[in-house]
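Asks: Residues per chain are reported as follows:
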Amino acid sequence: MSKPRVRAGKFFMHGDHACAEGALAAGCNFFAGYPITPSTEIAEHLAYRLPQVGGTFIQMEDELASVAAIIGASAAGVRSMTATSGPGLSLMMENLGLAVMLETPCVIVDIQRGSPSTGLPTMAGQSDVMQARWGSHGDYEIVAYAPSSPQEIFDLTVLAFNVADRFRTPVILLGDEVIGHMMERVVIPPEGEIPHWERKRPKSPPENKGDYKAFLADDDDLVPPMAHAGEGYHVHFTGLTHDELGYPDMDADTHHRLVTRLGEKIRRNADQFIRAEELYLDDAEIVVISYGCTARSARRAVREAREQGIKAGILRLISIWPFPEKRVEALGEQARAFIVAEMNLGQIRREVERFVSQPVVGVHHAGGAMIPPEPIFEAICSAGSKT
Amino acid sequence: MEKAIVVEAHPLDAIIRSDRMPHIWCPGCGIGIAMRCYAAAILESGIPVDHHIVVSGIGCTGRVAGYMDLDSYHSTHGRAIPFATGLKLANPDLMVTVFSGDGDLAAIGGNHLIHAARRNVDIKVVCVNNFNYGMTGGQVGPTTPYTARGTTAPYGNPEQPFNLPSLVSASGANYVSRWTTLHVRQLKRDILACFARPGFNFIEVLAPCPIGFGKLNNIPDGLEEMELYRQRCVLTENGEVDLDVLSIDLREDKPIYIGEFVQRNRPVFKPVRIG
Numbered sequence: 000m001s002k003p004r005v006r007a008g009k010f011f012m013h014g015d016h017a018c019a020e021g022a023l024a025a026g027c028n029f030f031a032g033y034p035i036t037p038s039t040e041i042a043e044h045l046a047y048r049l050p051q052v053g054g055t056f057i058q059m060e061d062e063l064a065s066v067a068a069i070i071g072a073s074a075a076g077v078r079s080m081t082a083t084s085g086p087g088l089s090l091m092m093e094n095l096g097l098a099v100m101l102e103t104p105c106v107i108v109d110i111q112r113g114s115p116s117t118g119l120p121t122m123a124g125q126s127d128v129m130q131a132r133w134g135s136h137g138d139y140e141i142v143a144y145a146p147s148s149p150q151e152i153f154d155l156t157v158l159a160f161n162v163a164d165r166f167r168t169p170v171i172l173l174g175d176e177v178i179g180h181m182m183e184r185v186v187i188p189p190e191g192e193i194p195h196w197e198r199k200r201p202k203s204p205p206e207n208k209g210d211y212k213a214f215l216a217d218d219d220d221l222v223p224p225m226a227h228a229g230e231g232y233h234v235h236f237t238g239l240t241h242d243e244l245g246y247p248d249m250d251a252d253t254h255h256r257l258v259t260r261l262g263e264k265i266r267r268n269a270d271q272f273i274r275a276e277e278l279y280l281d282d283a284e285i286v287v288i289s290y291g292c293t294a295r296s297a298r299r300a301v302r303e304a305r306e307q308g309i310k311a312g313i314l315r316l317i318s319i320w321p322f323p324e325k326r327v328e329a330l331g332e333q334a335r336a337f338i339v340a341e342m343n344l345g346q347i348r349r350e351v352e353r354f355v356s357q358p359v360v361g362v363h364h365a366g367g368a369m370i371p372p373e374p375i376f377e378a379i380c381s382a383g384s385k386t
Numbered sequence: 000m001e002k003a004i005v006v007e008a009h010p011l012d013a014i015i016r017s018d019r020m021p022h023i024w025c026p027g028c029g030i031g032i033a034m035r036c037y038a039a040a041i042l043e044s045g046i047p048v049d050h051h052i053v054v055s056g057i058g059c060t061g062r063v064a065g066y067m068d069l070d071s072y073h074s075t076h077g078r079a080i081p082f083a084t085g086l087k088l089a090n091p092d093l094m095v096t097v098f099s100g101d102g103d104l105a106a107i108g109g110n111h112l113i114h115a116a117r118r119n120v121d122i123k124v125v126c127v128n129n130f131n132y133g134m135t136g137g138q139v140g141p142t143t144p145y146t147a148r149g150t151t152a153p154y155g156n157p158e159q160p161f162n163l164p165s166l167v168s169a170s171g172a173n174y175v176s177r178w179t180t181l182h183v184r185q186l187k188r189d190i191l192a193c194f195a196r197p198g199f200n201f202i203e204v205l206a207p208c209p210i211g212f213g214k215l216n217n218i219p220d221g222l223e224e225m226e227l228y229r230q231r232c233v234l235t236e237n238g239e240v241d242l243d244v245l246s247i248d249l250r251e252d253k254p255i256y257i258g259e260f261v262q263r264n265r266p267v268f269k270p271v272r273i274g
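Chains as they are written, first to last, in numbering that gives the first Met the number 0: chain A, 0 to 386; chain B, 0 to 274.
In isolation and in its complexed conformation, chain A is listed as follows (with noise of 0.2 Å):
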């Protein structure tokens, strides 16, 4: 171990290069990737410091095989990451779907372009965040962050490593070409300050191997401990409808039971994890959401419109999935109107449409480049002088 693990420290700092050191600093020990571009910087980077501190990098066939691989390693008890871009994030939706019905921890980074299809391959996008949400057949949860520096996108990888952990669920990094190619500050907090959650583990031994089912829920948290390939309680992980052994049961009961827990696992808990800035919303006629690197400009045009003495605020998300549905209600109960700015054509929009009884502007673009600040001060001044 010729490196530290954790670089404590203040750092002038690419975004890519940020994700891999908060994966580093959360204690990940497994990479497997398939270069594309605007993430590859995180493959990189981790191809060159995994090897520094004992873990494991290896390059995928593609990103079928990666995500395969993560939940591999980390049903062996091994933190585990992937990174990649919307066409991989497509590829990996089948395996997604494994982690989410195997209950195994990982984390997902995609660093979004502009999509669908081969797209805009460098440049900037956000428009995975329902591919994120929906992509993989089937009712399910899923958590997933949106950060929008390169300070944040390294402290949401460590979130995104503890919640998976915690609560034995694939959590995705939605990022986007802009924050994952921007250089700024990063300060990296020592090894010591790194929060750390644990996975839920077996309270008996495995001698006693017929005291513990490895899909019996907790009935407080609803997560089942996890034990893990090689200390000898012999699970069976399937991604068939199971009960509570892990053992295949084709069952309508069992599916319905089993499919209503694994949602109502993120959803009780979400308060936990689901995370969002507020600026200005006290006394808010007007909020505008927005999130990743788009918040950016969100927040400018946010200030400029209270400059001009319009009440305006931000809701940024920092947490997209699970959609904060209980805050955005209670903004209704006080905005006059609603603006939401992203890099797509409205597929945050949409969720706040569902929530709010007021008009919903959308300032949208398909990607490719950032949204400025003048589109969202005027959607502002505008919702601002309809009374």
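Honestly, the hints are just simulated from the structure, not real lab data. Keep in mind that a hint or two might mislead.
As the list claims (entries may be wrong) - No more than 20 Å apart at the CA atoms, straight line, and that leaves these computed lysine to aspartate or glutamate pairs for DMTMM-like:
no., chain 1, residue 1, chain 2, residue 2
1, A, 212, B, 68
2, A, 208, B, 223
3, A, 202, B, 158
4, A, 208, A, 263
5, A, 310, A, 270
6, A, 212, B, 49
7, A, 310, A, 332
Unchecked claim - Now the stretches of chain A that chain B is said to cover, found in silico as 3 or more residues with beta-carbon under 8 Å:
no., region
8, 62-68
9, 72-86
10, 145-157
11, 238-251
Even for Gly, the Cβ is constructed at its ideal location relative to N, Cα and C.
Let chain A serve as the given structure and place chain B on it in line with the hints.
Replies: For chain B alone, kept in the frame of chain A given last:
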């Protein structure tokens, strides 16, 4: 009709999830024989049972993971090999075996198969080849012989099959062999040898699928296919046989070459470590 013999215990109960019996496989299917060889090899391996891990994909053979009383992982269709790769690299002390079928490993998982062989990652692969997709009812697959029938090739398969030993050898595996479900002693011995031999080891096991493949191709009885194996199998040793002649068409009266085809000592994939 003779009375069924009822036994209270099975010699492999210690390692089979007897609470999962009866299994889903059809009468005459060969998968259970291959699984039994694997189970017996584990018990004789000298490696603690807790260190043996089985990973399967989807399909009839994919159900093996659910019947072995080990830490067992039934992954997605085609992805058993990359899942196993991650698991093995995360804990190199474990003996990780992928047990899956020809359709799973060579069609939907074909890319992972050749790349794992190229990498020479230290996992063992037992590929039960029954020449069709059995679970879904007899569709043609990547190993179905040219002109053989399947439910998705009612007029005969218009495609050429993979010759799996040749494919995996060309991809760089350290070890390639083939047996049939008739060759239970050899298969068990070979699985044991694979546990001891580093690198990517691939064993193809020919197995009857009388319901899926056989009934459409005039081999409607599992025992009849076993008899074909008995008549036609020719044992070869490392390097003796041209890999090009390893393709199989059970309908043709020609030799089925079995045995150890490739033994190499290429470097085994290891994660890079600095310092």
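Asks: Now look at each hint and say whether the structure bears it out.
Replies: Hints, verified against the model:
At most 20 Å may separate the alpha-carbon atoms for a hinted pair to count; residue 212 of chain A and residue 68 of chain B meet this at roughly 14 Å. Annotation: proposed proximity of residue 208 of chain A to residue 223 of chain B is violated, straight-line Cα distance about 43 Å (limit 20 Å). About 54 Å separates the Cα atoms of residue 202 of chain A and residue 158 of chain B, which puts this hinted pair outside 20 Å; it is violated. Our distance criterion of 20 Å between C-alpha atoms is broken by residue 208 of chain A and residue 263 of chain A, whose separation comes to about 27 Å.
Under the criterion of a C-alpha separation no larger than 20 Å, the hint pairing residue 310 of chain A with residue 270 of chain A is inconsistent with the structure, at around 28 Å. Restraint check for residue 212 of chain A and residue 49 of chain B: satisfied, since their Cα atoms lie roughly 17 Å apart, inside the 20 Å limit. The suggested pairing of residue 310 of chain A with residue 332 of chain A holds, with an alpha-carbon distance near 15 Å, which does not exceed 20 Å. Counting residues of the region 62-68 of chain A whose C-beta sits closer than 8 Å to any C-beta of chain B gives 5, which meets the bar of three, so the coverage hint holds.
Counting residues of the region 72-86 of chain A whose C-beta lies closer than 8 Å to any C-beta of chain B gives 7; at least three are required, and the coverage claim holds. Only when three residues or more bring their CB closer than 8 Å to a CB of chain B does the claim for the region 145-157 of chain A stand; here the count is 0, and the claim is violated. Only when three residues or more bring their CB closer than 8 Å to a CB of chain B does the claim for the region 238-251 of chain A stand; here the count is 4, and the claim holds.
The structure fails hints 2, 3, 4, 5, 10 (numbered hints given earlier, in ascending order).
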